[in-house]
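So the chains spell out like this:
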Amino acid sequence: MKRNEAEELKVFLTDLELKDGESFHLRFGPLDFYLEKSTSEIRVRWMTSNDWLDSSFHYQYPFTGMYPKNLLTEKRFAYSDNEPLLQVLPCLGELPFVVKPDTTFMVLPGEKAKIFLSTPMSVRLLDKHSGLVIDEIPVLHRVKTWFGESPTMGQLCYFTKIHAALIEENLPFRPHRALTHLYMENSSTEPIPIEKLKIPVNYLTLYQDNRGLFVTSSLSVRLDKNKRLRDLKIFPPQDTEGDLQVVQQPREKIPKTLFTSTTEIMR
Amino acid sequence: MEELLTALLTIQNGFPWRNLIIGIAILLIGQLVLKILDWIFHLAIQSLEDPRKALSGRKIFVYSFNFILFVLFLNLIKVDMKVVIGATGLMTLAIGFAARTPISNLISGVFLVFERPFVVGNIIEVNDFKGEVVSRNLLSLTLRTLDNRMVRIPNEIVIGSSVSNVSFFPIRRLDVKYLLSSRDSLTRLEEIFKDVAGRNGLALDEPVPYFYVSEFKENHTEVIFRVWSTSEDFLTFQSEFPKEIHRAVKASGMEPITHRVEINQPIKIESSSERP
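So the sequence lines, in the order shown, correspond to chains H and P.
With our numbering as the guide, the letters of the first sequence map in order to residues 1 to 267.
With our numbering as the guide, the letters of the second sequence map in order to residues 1 to 276.
It is possible that part of the hints are untrue.
List of simulated lysine to any residue pairs, SDA-like, C-alpha gap at most 25 Å [what the hints assert, rightly or not]:
1) P:K194 to H:V133
2) H:K196 to P:V208
3) P:K243 to H:V143
4) H:K100 to P:A44
5) H:K100 to P:E206
6) P:K130 to H:S40
7) H:K161 to P:P207
8) P:K194 to H:P101
9) H:K253 to P:N200
10) P:K194 to H:G154
11) P:K194 to H:E149
12) H:K75 to H:Q155
13) H:K227 to P:E206
14) P:K194 to H:Q155
15) H:K128 to H:Y79
16) P:K194 to H:H141
17) H:K161 to P:D233
18) H:K100 to P:D205
19) H:K196 to P:G198
20) H:K253 to H:E94
21) H:K196 to P:N200
22) P:K243 to H:H141
Ranges between beta-carbon positions, derived for each pair [what the hints assert, rightly or not]:
23) H:S150 to P:L27: 54 to 60 Å
24) P:Y212 to H:L132: 49 to 55 Å
25) H:D20 to P:L27: 54 to 60 Å
26) P:A251 to H:P109: 47 to 53 Å
27) H:D231 to P:Y63: 48 to 54 Å
Just a sample of chain H residues kept apart from chain P, beta carbon distances all over 10 Å, derived [claimed, not checked]:
28) I137
29) K144
30) N202
Treat the hints as calculated values from the structure; they're not laboratory data.
It should be emphasised that the depicted structure is a prediction, and the values quoted were computed from it without experimental measurement.
Just so you know, even glycine gets a beta-carbon here, dropped at the ideal spot from N, CA and C.
Let the sequences and hints guide you as you build the complete structure.
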């Protein structure tokens, strides 16, 4: 899928009115996701490859093909009286993501940089009637990591490699990743290398813009002359095309002091 | 005791029967109110992430409520509270001698509530017992050991022992000790260890796994590989990771050392024609 075909991603905001015996298939990057509804039961099947560069996107509804059953992980959900109105939506993870740009880059002293990052997403199955989240499947196989100064000070996070760019067009388009704008101001007298960065996705809102692209809340970071973290702000994305539609509210309320030291967010 | 008997006789002479009935009614209504409050409390704690954590608070509330009801009842039937308090003082002294251990446990329990070295759900090690904290009461602590036994440990023992809480930090380190034959390559072994850790889904990439030689011996080298995992997955990791290491080392052609004795000098056995 290419960036100019992102309009297709708007299909996520439509309801899946599956009848008994009907299925739905979604290919979302490395994730193959199948949904089957039968009397009083929903079956979710999926598999994911480790190809983090996979940018495929297609769906079939109702799905008429064959399942590669032996390769799929399966979960079954039962219901009785209240037939759910199913919806499949992308969402952000429950733990922060530590992202490692494919190439380390520096923010020069006294400069401001706007960095475009691609944030990994999951697929969420929910009942639109009740708002109940039935299940969440990560698009990529996630690996946990520890991000902190020491084994006693830090936080468990997920880890992934990402592309980072200073111009949006230079960021390879992946439909299963949301665009995050990071504004960084370096008020110190030395260049600041960014090797690893923690994106607190649990505090971010996920939006879809007019083009169909998924965008998260933006982050801004200011480092003072001693390279100490001065301000970290989370705010709705700017410079986006048209109105933004909220796809997912933040999982957690943003605390008054989100991060207090530079090492809590970057290395 | 004489004072208590006098008080009881006073009660008998001018017994306030009306107040007694009101008192019993208050006790019954109190119990009903307590049931309703308990039910509301039960519903409220269901929304907590771990409802078991609130159970100690519930017990304190129930005991306090019953105590207040009892004092109210005594007051209504016109029992002289000064006498009761005096008699209670004496009884407390007597009971104190008889119940030194429970009281000691109770006080230790209060200290544990404030100190909070662990919470319900943590996996801890006290003396020789290791298990999950199922409940933390005023007198004792209940552990479910990893082989599924229920162990009650008096608070007095907990406060006087070293407690190791293995769930306190979100990550834990596994140290894998390995004996390498002097004929095999250390560098190759380090590569194998790091490769296995990189492929294992439960091993964390940060803090970075660390490989070092702990001792050079005559026929082998002792190495230690330090690798981290989440506390949540640690038991699985602890069980699976050494097996993966063992398989990878064997696949590489290296032989893990058990207790091998190499005899380098042939022993000459001389036979003697003389017999003792």
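Against the structure, the hints:
no.: 1; hint: P:K194 to H:V133; result: violated (38 Å)
no.: 2; hint: H:K196 to P:V208; result: holds (14 Å)
no.: 3; hint: P:K243 to H:V143; result: holds (21 Å)
no.: 4; hint: H:K100 to P:A44; result: violated (42 Å)
no.: 5; hint: H:K100 to P:E206; result: holds (13 Å)
no.: 6; hint: P:K130 to H:S40; result: violated (43 Å)
no.: 7; hint: H:K161 to P:P207; result: holds (17 Å)
no.: 8; hint: P:K194 to H:P101; result: holds (22 Å)
no.: 9; hint: H:K253 to P:N200; result: violated (33 Å)
no.: 10; hint: P:K194 to H:G154; result: holds (23 Å)
no.: 11; hint: P:K194 to H:E149; result: holds (22 Å)
no.: 12; hint: H:K75 to H:Q155; result: violated (30 Å)
no.: 13; hint: H:K227 to P:E206; result: holds (23 Å)
no.: 14; hint: P:K194 to H:Q155; result: holds (23 Å)
no.: 15; hint: H:K128 to H:Y79; result: holds (14 Å)
no.: 16; hint: P:K194 to H:H141; result: holds (20 Å)
no.: 17; hint: H:K161 to P:D233; result: holds (23 Å)
no.: 18; hint: H:K100 to P:D205; result: holds (13 Å)
no.: 19; hint: H:K196 to P:G198; result: holds (18 Å)
no.: 20; hint: H:K253 to H:E94; result: holds (12 Å)
no.: 21; hint: H:K196 to P:N200; result: holds (21 Å)
no.: 22; hint: P:K243 to H:H141; result: holds (23 Å)
no.: 23; hint: H:S150 to P:L27: 54 to 60 Å; result: holds (57 Å)
no.: 24; hint: P:Y212 to H:L132: 49 to 55 Å; result: holds (51 Å)
no.: 25; hint: H:D20 to P:L27: 54 to 60 Å; result: holds (58 Å)
no.: 26; hint: P:A251 to H:P109: 47 to 53 Å; result: holds (51 Å)
no.: 27; hint: H:D231 to P:Y63: 48 to 54 Å; result: holds (50 Å)
no.: 28; hint: I137; result: holds (16 Å)
no.: 29; hint: K144; result: violated (6 Å)
no.: 30; hint: N202; result: holds (15 Å)
The structure fails hints 1, 4, 6, 9, 12, 29 (numbered hints given earlier, in ascending order).
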